[in-house]
Amino acid sequence: MLRYAVKRIMTGILSLFVLATVTFFLVRLIPGSPFMSGGVSQSVVEAIEEEYGLNEPLPVQYLSYMAGLLQGDLGISYQDPGTSVTEIIARAWPLTASLGTAALIVSLLAGTGLGILKVMSRKKAVGHMISAAGMAAAGIPGFAAAILLLLVFSVKLKLFPASGLYTLSSYVLPVISLSLYPTAVITRMMANALAAEMGKEYVLFARAKGLGRGRIVLTHALKNAFLPVLSYAGPAFAYLLTGSFVVESIFTIPGLGREFVDSISSRDYTLILGLTVFMGTVVILVNLAADLLAACLDPRIRRNFAGREG
Amino acid sequence: MGNTKGHLAGRNRYGAVCCAVLAVWIILAVCVPVFGPYSWSEQNARIQNLGPSFSHLFGTDRFGRDIFTRVWYGAGISLLVGMASALINGCIGVAVGAVSGYAGRAADMILMRAADIIASIPSMLYVILITLVMGAGVFSIILGLCVAGWIDMARIVRGEIIRLKNSDFALAARMEGIPSMRILFRHLLPNAAGPAAVNLIFLIPQAVFTEAFLSFLGVGIAAPAASLGTIIQEARSQMIVYPYQMICPLVVLCVMLLALNGIGTLVEERIAGVRCE
Amino acid sequence: MKGFNRQKEHVLDVQNLVVSYHSGITAVRGISFFVNPGEIVGIAGESGSGKSTAMLAVMGLLDGKGKVLSGEIAVRGCRPVPGQNTAMIFQDSLNCLNPTLTVGRQIAETVRNRRKCSRKEAYARAEELLDLVGIRSPKMRMKQYPFELSGGMRQRTVIAAALACEPDLIIADEPTTALDAAVQAQILLLLKRLVKETGTSLLFVSHDLGAVAALCGRVYIMYQGEIVEGGITEEVFRNPSAAYTRQLLKDAGAKTVPSGPADPDQVLLRAEGLTKVFDTREGIEEISFAIRRGEIFGLVGESGSGKTTLARLLCGILTPDRGEIFLDGELLNPRGRRKEQLKKIQMVFQDPYGSLNPRLTAGQALEEALKAAGVRDRFSRREKAEEMLCLTGLSREDARRFPSEFSGGQRQRIGIARALILEPELLICDEALSSLDVSVQEQILGLLLDIWKNKGLSCLFISHDMHMVRRISTGIGVMYRGWMVEKGSTGKVCSDPWHPYTKQLLDAVPEADPVKARRIKAPVSAEGTEVFPDDQGKEQSGCPFVSRCGYALDCCRTGVPGIYRFGDREVRCFLYSEEYSGKRGSGYRMTSQI
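Residue numbers (numbering that gives the first Met the number 0), protein chains in the order written: chain A, 0 to 309; chain B, 0 to 276; chain C, 0 to 593.
The following block holds chain A by itself, in its conformation from the complex (with noise of 0.2 Å):
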C-alpha cells in the first residue's frame, strides 16, 4: 500500500512539473502580444515588456517563473494589472469548485441509485427507461443541454434565474446541466458492475444460506460494484472542471472557466498560464485521491502492499 501511494506521488509530481513546463513555453509560443492591440507605440510595448520581464531570454523566464510557482505565486495578470492571478483564482475558485462539488455529489447519487434501480426492478420498462435517458443524457453535449434548459426553463417558462450564482435556485440549472454526463456513465458503470456481481458465485453462495436479495445487494454486492465508480470519480471531476467553462459562460457565473475563456480572447498570457497550471494541478490532486481511496477501500490491493512491506 505506502508503496503503491509513493508510487502514485510520485507519478503525481512529475506529472505538474511536465504540465507547467510545457504549458510555459507553449503560452510563450502563441504569436502576438498581449500588448499590441490598439495602435501602442514599440517603445510603450517594450516597457512594459521589460516590467514583465518579457525581454530577458526564454530559460531565464522559465527559471524565474517555476521559482514563483513554488512559492505559489502565479504572476501578475496582463490586463489587469496590479490584480495577481492568485488573487483572480482565489475569487474565482470558491465559485466553480461549489458548482463541480454539487454536480459530482448529485450525479454520484442519482448514478448509483439508478444503476441500482435498473438492476433491481423486476420491470423491464424501467430498464429500459434508465438506458435510453442514459443514452440521451450521454449523446447530448452539455452545453447543448445547457442551452436548451436555458431556454426552457429560464427564458420561457422563468422558473428558475439565467445567470449569476447567488441563490440556491440558481443552482439548479447549472448543476443539472453539469451532471447529466457524468450520471449517465456513473449509471452504466454501476448497473454492469452490479449486475455482474450479481451474476458471480458468492452470490449464488450467499444464496444458498439464505441471505435475502436486498440484503445480499447491501451488503455484498455493492461495495464492489462501488470500486469501479469510484476509480471514476477523479476523471469525473476533471471533466467538471473543464465542463464548467461551458456552464459557466452560459449562465454567466464568474468562476474559473470564464476567467478562463475571457484570459484566451483577451490574450492574458500569465492568467492562461496559471489558471492552466492551477486546474491541472487540481485535477491531478484529485485522481491522486480517488485512486489511493480506491486502494483503501479494496482489502486485496490494501493487504498485498502491506505484506510486501512488512
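Among these hints, one or two may not hold up.
Only pairs whose alpha carbons sit at most 20 Å apart, straight line, appear in this in silico DMTMM-like list of lysine to aspartate or glutamate [claimed, not checked]:
hint, chain 1, residue 1, chain 2, residue 2
1, C, Lys491, C, Asp464
2, C, Lys343, B, Asp107
3, C, Lys64, A, Glu200
4, C, Lys115, C, Glu127
So these bits of chain B aren't anywhere near chain A, every CB distance computed over 10 Å [what the hints assert, rightly or not]:
hint, residue
5, Leu27
6, Ala94
7, Asp167
8, Gly176
9, Pro189
10, Gly193
11, Pro194
Computed Cβ-Cβ distance ranges for the label pairs, DEER-style [stated by the list, open to error]:
hint, chain 1, residue 1, chain 2, residue 2, range
12, B, Tyr243, A, Lys157, 16 to 24 Å
13, C, Glu577, B, Ile109, 54 to 62 Å
14, C, Lys138, A, Ala96, 24 to 32 Å
15, A, Pro56, B, Arg61, 44 to 52 Å
16, B, Tyr243, C, Tyr352, 55 to 63 Å
What the hints contain is simulated information worked out from the structure, not anything from laboratory work.
Because the structure is a prediction, the values reported are computed rather than measured.
Note that beta-carbon positions come from the ideal geometry of N, C-alpha and C, so glycine has one too.
We have chain A already, so just place chains B and C on it with the hints.
Here is chains B and C on its own, set in the frame of chain A:
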C-alpha cells in the same frame, strides 16, 4: 431463449436505425453543400434572419446565409475531424499498445509512464493551448485531439496483448518457431481487434463532441469555415429572438452523437456476448 | 433400483424432477431420489449430465438458468428453504466467498440470519464453527480476507458457513474438484466426520468416482439428465447394471501397460541441475533427469510443484537460471535455440480452450507451423495439415472450421495434431487430459498411446493424477515445491514408495473402488495432528516437505537433504542419507525406510 432472442432482435433493429441515421447524415453532409442551391459562406444582406420556409428549410442567419446548407457543411467538418482524429489516435494507440505489451520491460515501462503523465493532465486544456499556438483550424484541432486521445486505446491494446502473449496458443506458436513479428501480427493483434474496434468507434463521438465544444468556446474552427459548434456559437447572441438558428444545428449534432454512441454500444455488447460464449 | 426399502422419513425426497433451460433443452428428465437422515449419498456423472442443474433446482436457486417443469421436492416434508433446512457448497471456494468481506463476517451473517441473535453471539458461534471444521487459531482467521487463506482452508470456511445454517441437508457440488490430492483427502475425511458429529445429511455431487466411492454409502449415477442407476455404493461399483456405469467404471479403473519401442541405452533428452527461481510463482531447484528414446516419462506433483515451469524450460519458452539441457547429446543454448532444435520438442497444453487461436481455423493453425518450418508449397502444406487431422481422428473438412465449433475433446485432438505436425521427437503433455471428462480422457489417451507407438515418439507426461501416470509411464519423477523428491521406474516407485510424499500421494487419491477408496489417508504430521499442506511459512529452511511429513527428523528442519542415488532410483530425503542410516558398504541394498 424466447425473450433473449426478442431482446437481440430489438437491439438489432436499434442498431440498424443508428447505422441508417449515420449514413443519411454522411450523405447529407456531402451532398447538400456540393449540390445544394446555396453557398455555405456567401453572405446576402437581403435575406437576413428569415424563418424556416420551403426555400430555406432551417431559415437564414444574420448574414443571410442558408442555415440548412451551413449546418450540413458544418456536420461534414465535424465528422471529418472526428473520423480523422479517431483514425490517427487509433493507429498511435494500437502501435504504442502493441509495442508496450509485446516488448515489455523497459519499453513498456517508459511508454506507460509517459501515458500516465499525459493522461493525468486534463486534455481539454491542451487542445485549447494548441489551437491558440497553431491558430484555429481543422488541422490544429486534430493535432490537439491527438495529444492525449490515443492513451485509452494504447492501454486497452497493451492489456490485451499481455493477456494473449501468455496464452497457450502464443506459447505454441513460439515453440513452432514462428517469428515474433508474425506472432504479433497474425496471432495476437487479430484477437485484440474486438476491444480495439469498440474503442475506435467511441473515439469518433468523443472527438466530435470536443470539437463542437471548442468551436463553441471560440477556439475551434475559425470563420469562414464552420463546424456545428461554430454555427451554434454564432447563433448564441440571438438565441432568444431566433431560437431555431441554434436549435437546428443542436439537434443535428445531438442526433449524430446519439447514433455514433449507439453504434459503439451495440458493437461493444456484441463483442462481449461473443466473448462470453 | 437395487432393493432397498423406501423409508417414510426421508430428509430429502425428490420425485420426477424435470428441469429445462430457457433455451428449451431439457436438462433434467424426471429424476427421483432420496436421502436418509445422517446419510451420505453420492450423485456421480460427467459434466453436462445435469447434476448441478438438478441440485440448483432442489435448492430453488435456478432463477436465470432454467425452470422446474414438474416434480416434487420435499425436505422433511416441507419446501426446501436455503439457509434454513438446506445449504449448498460449491466447487470454487475462492469465488464462493466475497473477496472484500472478512471470513468471520461472512460466517457470522449466516449465523445471524438463521438464529436472530446478537452480533457478538454470532461471532462467537462463527469461531466455534471454524474450530469444528478444523481451522486452527480461528480468532485470527476470522479477521482475514478469503484471498489470504489457502484453497483447503477456504473450502473449510465455506463448509463452516454452510454448517452455520444448521441445515437438515447439505448439498456439496464438486467440493473437492479444484483441490490437490492431499487436500482433497482431508476435505473428504472432514465431510465424513461432520456428518457423524452434527447428524446432518450430505448429498455429494462429483464426477470423481474415487471420491464418491470413498465417501458415500449410496450412489446415483446420472447420464444425460437421467438417473441410470442407483443403489448401495458397493453393489453399484461391484456389479453395475447400466451399460453406462460399466463403461464409466472401466474407464476409471483401466489398466494400460505400455509396451513401446523403448530403447534403454539411447538418451534423447537430459537435464542437469535445472534451476529457475521466481518471486511469486512456482520455481524449480536442481532438477536432473533423462528421458530415453521411445519412453513415456511421467511427472507427478500437485499444483505449485513446478511441473509446468519444468515443461516450459524444456521446450525453451523459459530460460533456466542455472543448469543445462542436452538434446541428442547436444547442449542447447539457453539464450535461444536453433529452429530445428526448437521444433524437436512440442507440447500439448492443459486448456483446450486457451491453446488454440480463436481467429484461425484448424487448418490454418496447423499450416502456420509448416510455414514457419519453411514448407513453401501451399498445396503440400494443406495436404499435410489435413493428413494430420485425419491421424488424430478428425476429418479433412474440419480443417475449415474454427476452434469455437469443436468440443473440448476435439480441440485437444487439434492441439495434438499441431504438436505432431512438425514431427517432434519429444512430446510434452502438460496435464493434457485433466480438463476432460473421464470417457473423453480415455479416448484421447488411447490416441496418444497409438501415436506414441506408431511414430516412435518419446513423451513427457505431466499430471497431478498419480493413477493416470502410473498406468502409462515407464519412468516416473515425483515433484514437490520445485524439488524432484523421488525418481525411478514407475513399477518400483509406485509399488514401493520411498519418499514420504510419494507414499502420501498414493494414499490420498481414492480409486474407483469403495473398499480401497475408504482407506484414503490425509497427511498427518509427526506430532500426529492434521496438517495443512498448503499453509506453510514461506520462509523456511530445510526440507520443504517437513511440515507434512510423518517421519520428519530434526535435521529435516535445518538441513537440506542431498539427492541420494541407489541404482536407477533417486530420492531426496534424509531417511536415505548416510548420516541417518550409517556408512554403507558397496554391496548395500537400500530398501524403503517408511
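Cross-check of the supplied hints:
Taking the CA atoms of C/Lys491 and C/Asp464, the gap is near 17 Å; set against the 20 Å cutoff, the hint holds. Under the criterion of a C-alpha separation no larger than 20 Å, the hint pairing C/Lys343 with B/Asp107 is inconsistent with the structure, at around 32 Å. Simply put, C/Lys64 and A/Glu200 have alpha-carbon atoms about 13 Å apart, close enough for the 20 Å limit, and the pair holds. Restraint check for C/Lys115 and C/Glu127: the C-alpha separation of about 17 Å stays at or below 20 Å, so the hint holds.
Its beta-carbon lying about 19 Å from the closest one in chain A, B/Leu27 satisfies the requirement of being farther than 10 Å from that chain. Residue-level check passed: B/Ala94 sits 22 Å from the nearest beta carbon of chain A, beyond 10 Å. Here B/Asp167 stays apart from chain A, with its beta-carbon at least about 25 Å from theirs, past the 10 Å limit. Every C-beta of chain A lies more than 10 Å from that of B/Gly176, the closest at about 38 Å, which supports listing it as non-interface.
Under the 10 Å C-beta cut-off, the non-interface status given to B/Pro189 relative to chain A holds; the minimum distance is some 26 Å. Every C-beta of chain A lies more than 10 Å from that of B/Gly193, the closest at about 17 Å, which supports listing it as non-interface. Chain A leaves B/Pro194 outside its interface by the beta-carbon criterion, the shortest separation being 15 Å against a cut-off of 10 Å. At roughly 21 Å, the beta-carbon separation of B/Tyr243 and A/Lys157 lies within the given 16 to 24 Å, and the hint holds.
Distance hint check for C/Glu577 and B/Ile109: the Cβ-Cβ separation is about 55 Å, which falls inside the suggested range of 54 to 62 Å. Separation of C/Lys138 from A/Ala96 is about 47 Å and departs from the stated range, judged on CB atoms against 24 to 32 Å. A C-beta distance of roughly 48 Å is found between A/Pro56 and B/Arg61, which places it inside the suggested range of 44 to 52 Å. Checked against the hint of 55 to 63 Å, the pair B/Tyr243 and C/Tyr352 passes, with Cβ atoms roughly 58 Å apart.
Comparing the model with each earlier hint shows violations of hints 2 and 14; every other hint is respected.
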